[in-house]
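Chemist: Chain residues, written in single-letter form:
There are 2 protein chains.
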Amino acid sequence: MRNSFIPPERILMGPGPSNVHPRVLEAMARSTIGHLDPKFIELMDDIKSLLKYVFRTENEVTFAVSGPGSVGMETCLVNLVEPGSKVVVCINGVFGERMKSIVERCGAAPIAVEDEWGKAIDIQKFENALDANPDVKVTAFVHAETSTGAKSDIKTLAEIAHKYDCLTIADTVTSLGGIPLLIDEWNIDASYSGTQKCLSCPPGLSPVTFNDRTVEFIKNRKTQVQSWFMDLNLVLGYWGSGAKRTYHHTAPVNALYGLHEALLLVKEEGIENAWDRHKRNGKLLVKELESIGLPPMVKEDERLPELTSISVPAGINEAEVRAKLLNEYNIEIGAGLGTLAGKVWRIGLMGYTSKEENITTLVNALKNILNN
Amino acid sequence: MRNSFIPPERILMGPGPSNVHPRVLEAMARSTIGHLDPKFIELMDDIKSLLKYVFRTENEVTFAVSGPGSVGMETCLVNLVEPGSKVVVCINGVFGERMKSIVERCGAAPIAVEDEWGKAIDIQKFENALDANPDVKVTAFVHAETSTGAKSDIKTLAEIAHKYDCLTIADTVTSLGGIPLLIDEWNIDASYSGTQKCLSCPPGLSPVTFNDRTVEFIKNRKTQVQSWFMDLNLVLGYWGSGAKRTYHHTAPVNALYGLHEALLLVKEEGIENAWDRHKRNGKLLVKELESIGLPPMVKEDERLPELTSISVPAGINEAEVRAKLLNEYNIEIGAGLGTLAGKVWRIGLMGYTSKEENITTLVNALKNILNN
Numbered sequence: 035m036r037n038s039f040i041p042p043e044r045i046l047m048g049p050g051p052s053n054v055h056p057r058v059l060e061a062m063a064r065s066t067i068g069h070l071d072p073k074f075i076e077l078m079d080d081i082k083s084l085l086k087y088v089f090r091t092e093n094e095v096t097f098a099v100s101g102p103g104s105v106g107m108e109t110c111l112v113n114l115v116e117p118g119s120k121v122v123v124c125i126n127g128v129f130g131e132r133m134k135s136i137v138e139r140c141g142a143a144p145i146a147v148e149d150e151w152g153k154a155i156d157i158q159k160f161e162n163a164l165d166a167n168p169d170v171k172v173t174a175f176v177h178a179e180t181s182t183g184a185k186s187d188i189k190t191l192a193e194i195a196h197k198y199d200c201l202t203i204a205d206t207v208t209s210l211g212g213i214p215l216l217i218d219e220w221n222i223d224a225s226y227s228g229t230q231k232c233l234s235c236p237p238g239l240s241p242v243t244f245n246d247r248t249v250e251f252i253k254n255r256k257t258q259v260q261s262w263f264m265d266l267n268l269v270l271g272y273w274g275s276g277a278k279r280t281y282h283h284t285a286p287v288n289a290l291y292g293l294h295e296a297l298l299l300v301k302e303e304g305i306e307n308a309w310d311r312h313k314r315n316g317k318l319l320v321k322e323l324e325s326i327g328l329p330p331m332v333k334e335d336e337r338l339p340e341l342t343s344i345s346v347p348a349g350i351n352e353a354e355v356r357a358k359l360l361n362e363y364n365i366e367i368g369a370g371l372g373t374l375a376g377k378v379w380r381i382g383l384m385g386y387t388s389k390e391e392n393i394t395t396l397v398n399a400l401k402n403i404l405n406n
Numbered sequence: 035m036r037n038s039f040i041p042p043e044r045i046l047m048g049p050g051p052s053n054v055h056p057r058v059l060e061a062m063a064r065s066t067i068g069h070l071d072p073k074f075i076e077l078m079d080d081i082k083s084l085l086k087y088v089f090r091t092e093n094e095v096t097f098a099v100s101g102p103g104s105v106g107m108e109t110c111l112v113n114l115v116e117p118g119s120k121v122v123v124c125i126n127g128v129f130g131e132r133m134k135s136i137v138e139r140c141g142a143a144p145i146a147v148e149d150e151w152g153k154a155i156d157i158q159k160f161e162n163a164l165d166a167n168p169d170v171k172v173t174a175f176v177h178a179e180t181s182t183g184a185k186s187d188i189k190t191l192a193e194i195a196h197k198y199d200c201l202t203i204a205d206t207v208t209s210l211g212g213i214p215l216l217i218d219e220w221n222i223d224a225s226y227s228g229t230q231k232c233l234s235c236p237p238g239l240s241p242v243t244f245n246d247r248t249v250e251f252i253k254n255r256k257t258q259v260q261s262w263f264m265d266l267n268l269v270l271g272y273w274g275s276g277a278k279r280t281y282h283h284t285a286p287v288n289a290l291y292g293l294h295e296a297l298l299l300v301k302e303e304g305i306e307n308a309w310d311r312h313k314r315n316g317k318l319l320v321k322e323l324e325s326i327g328l329p330p331m332v333k334e335d336e337r338l339p340e341l342t343s344i345s346v347p348a349g350i351n352e353a354e355v356r357a358k359l360l361n362e363y364n365i366e367i368g369a370g371l372g373t374l375a376g377k378v379w380r381i382g383l384m385g386y387t388s389k390e391e392n393i394t395t396l397v398n399a400l401k402n403i404l405n406n
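Just so you know, the protein sequences line up as chains A and B, in that order. Taking our numbering, the leading residue of the first sequence gets 35, the next gets one more, and so forth. Taking our numbering, the leading residue of the second sequence gets 35, the next gets one more, and so forth.
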């Protein structure tokens with residue numbers, strides 16, 4: 035007979051999942067109730083209102099997609115992109131590339147604005163692309179590139195997009211709860227995030243938000259949304275604000291218990307305080323890493339405090355170092371993805387992971403491993 | 035300040051979710067580890083092997099899609115259906131209709147074989163449809179219609195489909211773990227299920243299985259799969275059997291802890307014993323309901339033991355009865371869907387919910403409510 039799975043106790047300092055707050059774990063173990071139970075509908079309303087708080091938005095259409103961040107990404111794109119249209123997609127890492135691939139699968143033509151991995155999106159190149167393609171209606175970019183640790187100025191990107199009468203989709207998977215993100219003030223039209231980064235929650239859900247203009251745009255589509263599961267017109271029958279919620283799919287009840295508790299934790303801390311904590315610990319990590327000869331890859335003004343990429347020193351087998359950290363110290367850090375595979379380590383300080391003691395533990399462990 | 039959500043303790047006797055086994059809830063509250071952690075990869079392998087056990091299959095491509103059953107359904111269809119093709123879809127309830135809608139969204143033409151809700155799929159009509167459409171390559175049908183409680187003979191449907199050289203997609207959301215389902219012996223080519231029915235697990239994941247012929251068929255597609263998230267060619271880089279697992283999306287780690295524990299429970303009981311338990315309790319429920327004047331809607335040889343639809347007696351406000359059950363007895367039962375809305379109640383005895391004491395509790399409660 036096989037045995038129950040007892041996971042090791044890891045310090046999760048990779049690009050996500052981050053460590054989950056004990057209160058969130060406890061919440062997920064509570065008794066399951068039905069997805070149409072009036073008490074559950076109340077919980078959904080509470081989650082919507084807490085998500086508005088963390089997204090800094092009044093958007094009525096703010097909820098959690100029943101799938102990981104990639105489903106949130108695809109939900110935004112399949113609803114906003116029609117076959118035959120053109121979409122400006124900024125690519126400065128893995129997730130911009132993923133958006134491009136989804137745009138293609140929607141039967142649309144992506145216009146790629148490419149930047150070097152590890153750098154912010156170039157504002158001028160973005161504007162040039164819009165200028166050269168007056169028929170573009172939708173643009174997409176990543177706020178915090180999880181594959182590199184670079185932050186882009188999505189406030190300015192949104193300003194430019196609106197100058198050209200375009201809608202904006204922002205990937206905020208690694209930024210929500212970790213760095214300032216002001217959906218309404220910055221005029222971001224649609225955004226998707228994840229639960230397993232700065233919200234101290236397990237992976238599996240994708241918070242999303244859409245403003246009225248975007249909902250209107252979707253309602254005026256000429257073609258049907260290609261995904262049944264992701265079609266906002268259908269999902270909103272369940273997550274919408276009407277008195278009567280109609281069955282669409284069976285929501286992941288216990289995962290939503292967890293998200294609710296995680297959002298309460300952000301509210302209790304205060305989101306500005308959460309941003310400050312991530313900022314403070316990010317700076318400390320860089321300082322400590324520099325002191326052992328490991329400088330960050332991304333330049334300071336484009337660097338995410340919650341995710342730091344460092345170049346692997348010459349002559350070091352990067353996978354061996356990660357394996358030692360995991361097996362001897364129970365610390366997980368991330369490898370490079372795509373063009374950065376084998377070249378960088380990605381160190382996360384997100385959500386519940388973002389605390390001083392984890393920095394000290396990691397830097398000491400790295401010092402020991404690299405000096406032996 | 036808002037409060038943590040403490041759900042009421044319900045007896046979940048609707049069409050799902052069913053009650054979750056305490057060991058499953060406990061498993062989900064264990065510490066999160068990374069989705070690429072070697073220990074997690076071991077867990078994934080264990081889940082695959084346990085899923086093969088419950089599906090009664092040796093299919094290498096057997097895993098859990100990171101989304102609820104509807105995502106499993108869409109995953110099967112978007113991978114198997116190409117634009118411009120014809121697909122025979124059997125419709126005898128809500129879920130057949132959902133499959134039809136997805137086929138249309140794939141740019142294909144569904145050929146609907148329609149039967150009355152509450153009845154099994156008519157074998158002869160299915161064969162006639164295949165006979166009349168020699169260019170059909172894919173067929174889809176539901177084993178256990180959750181909207182009605184009717185069971186179809188998918189063994190015979192698969193035999194006929196193969197006679198016409200067609201692949202078969204079977205919805206086994208409400209059958210897996212509850213009634214005999216023999217993927218290999220019955221030659222079912224692709225199937226998707228859910229965790230929140232007879233597996234005593236919360237909603238949120240969709241176990242799927244594909245045989246070699248189906249995987250080959252997908253590899254030979256002329257067009258790209260329209261969904262990035264559901265594209266099996268990509269997902270299998272992560273869930274596949276190769277030594278190196280590549281990142282596709284971040285798996286819902288804690289939900290998979292729960293599924294693993296739920297599958298262990300089925301293995302410990304023995305799947306044949308689980309089928310017997312569901313059968314025994316289903317019969318008892320019908321006998322008890324008949325004794326208070328509530329006969330089942332579906333005829334005996336097509337009736338699911340794990341889900342019983344009963345017609346609402348004339349003059350009874352069905353929603354009021356359900357509300358009383360919920361508010362006064364903490365018992366959830368299901369309403370009718372689609373054409374059966376307002377006309378039936380659906381009573382589930384699935385997974386951990388399927389035990390004698392729940393039957394007694396429900397029947398006594400119904401007796402009290404209907405006599406007052």
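Derived by calculation from the structure, the hints in this document are not laboratory data. Some hints here could point you the wrong way.
Pulled a few chain B residues facing chain A out of the computed Cβ check, cut under 8 Å [what the hints assert, rightly or not]: (1) Gly50; (2) Ala61; (3) Ile75; (4) Met78; (5) Asp79; (6) Tyr291; (7) Gly372.
The calculated SDA-like cross-link candidates involving lysine to any residue, where the alpha carbons are at most 20 Å apart (straight line), are [said to hold, decoys possible]: (8) A:Lys358 / B:Gly118; (9) A:Lys278 / B:Asn361; (10) B:Lys278 / A:Leu328; (11) B:Lys278 / A:Ala375; (12) B:Lys134 / A:Tyr281; (13) A:Lys278 / B:Glu354; (14) B:Lys278 / A:Glu354; (15) A:Lys73 / B:Val355; (16) A:Lys120 / B:Asn37; (17) A:Lys86 / B:Phe39; (18) A:Lys73 / B:Phe39; (19) A:Lys358 / B:Asn37; (20) A:Lys301 / B:Ser38; (21) A:Lys278 / B:Ser38; (22) B:Lys358 / A:Pro41; (23) B:Lys73 / A:Phe39; (24) B:Lys278 / A:Pro72; (25) B:Lys73 / A:Lys73; (26) B:Lys120 / A:Asn351; (27) A:Lys278 / B:Ala142; (28) B:Lys389 / A:Ser65; (29) A:Lys73 / B:Asn361; (30) A:Lys73 / B:Pro72; (31) B:Lys73 / A:Ile45; (32) A:Lys256 / B:Ala142; (33) A:Lys358 / B:Glu354.
Partial list, derived from the structure: chain B residues whose beta carbon lies under 7 Å from chain A [claimed, not checked]: (34) Pro41; (35) Ile194; (36) His196; (37) Cys200.
Every residue gets a Cβ at the ideal spot worked out from N, C-alpha and C, and that includes glycine.
Chemist: Look at each hint and say if it fits the structure.
Modeler: Hint check results:
1. Gly50: holds, 6 Å
2. Ala61: holds, 6 Å
3. Ile75: violated, 12 Å
4. Met78: Methionine 78 of chain B check fails; min Cβ-Cβ to chain A is 11 Å, beyond 8 Å.
5. Asp79: violated, 11 Å
6. Tyr291: holds, 6 Å
7. Gly372: Since chain A brings no Cβ nearer than about 10 Å to glycine 372 of chain B, farther than 8 Å, the hint is violated.
8. A:Lys358 / B:Gly118: violated, 52 Å
9. A:Lys278 / B:Asn361: Answer holds: lysine 278 of chain A to asparagine 361 of chain B is near 18 Å, not above 20 Å.
10. B:Lys278 / A:Leu328: violated, 28 Å
11. B:Lys278 / A:Ala375: Status holds; Cα separation ~14 Å.
12. B:Lys134 / A:Tyr281: Given that 20 Å is the threshold and the Cα spacing comes to 18 Å, the pair holds.
13. A:Lys278 / B:Glu354: Answer holds: lysine 278 of chain A to glutamate 354 of chain B is near 15 Å, not above 20 Å.
14. B:Lys278 / A:Glu354: holds, 15 Å
15. A:Lys73 / B:Val355: holds, 17 Å
16. A:Lys120 / B:Asn37: violated, 46 Å
17. A:Lys86 / B:Phe39: holds, 18 Å
18. A:Lys73 / B:Phe39: holds, 9 Å
19. A:Lys358 / B:Asn37: Violated, at about 41 Å.
20. A:Lys301 / B:Ser38: holds, 12 Å
21. A:Lys278 / B:Ser38: violated, 25 Å
22. B:Lys358 / A:Pro41: violated, 42 Å
23. B:Lys73 / A:Phe39: Satisfied, since the Cα-Cα distance of roughly 9 Å is no more than 20 Å.
24. B:Lys278 / A:Pro72: Roughly 45 Å separates the two Cα atoms, so the pair is violated.
25. B:Lys73 / A:Lys73: violated, 37 Å
26. B:Lys120 / A:Asn351: violated, 53 Å
27. A:Lys278 / B:Ala142: violated, 33 Å
28. B:Lys389 / A:Ser65: holds, 17 Å
29. A:Lys73 / B:Asn361: With a Cα-Cα distance of about 11 Å, the restraint between lysine 73 of chain A and asparagine 361 of chain B holds, given a limit of 20 Å.
30. A:Lys73 / B:Pro72: Roughly 39 Å between the alpha carbons, so the hint for lysine 73 of chain A and proline 72 of chain B is violated.
31. B:Lys73 / A:Ile45: holds, 14 Å
32. A:Lys256 / B:Ala142: With Cα atoms ~18 Å apart, lysine 256 of chain A and alanine 142 of chain B stay inside 20 Å; holds.
33. A:Lys358 / B:Glu354: violated, 61 Å
34. Pro41: Cβ of proline 41 of chain B sits 5 Å from chain A, so the hint holds.
35. Ile194: Constraint on isoleucine 194 of chain B not satisfied, violated at 27 Å.
36. His196: With Cβ-Cβ at 27 Å, over 7 Å, it is violated.
37. Cys200: Where the cut-off is 7 Å and the nearest Cβ of chain A is about 22 Å from cysteine 200 of chain B, the hint is violated.
Going through the hint list in order, the structure does not satisfy hints 3, 4, 5, 7, 8, 10, 16, 19, 21, 22, 24, 25, 26, 27, 30, 33, 35, 36 and 37.
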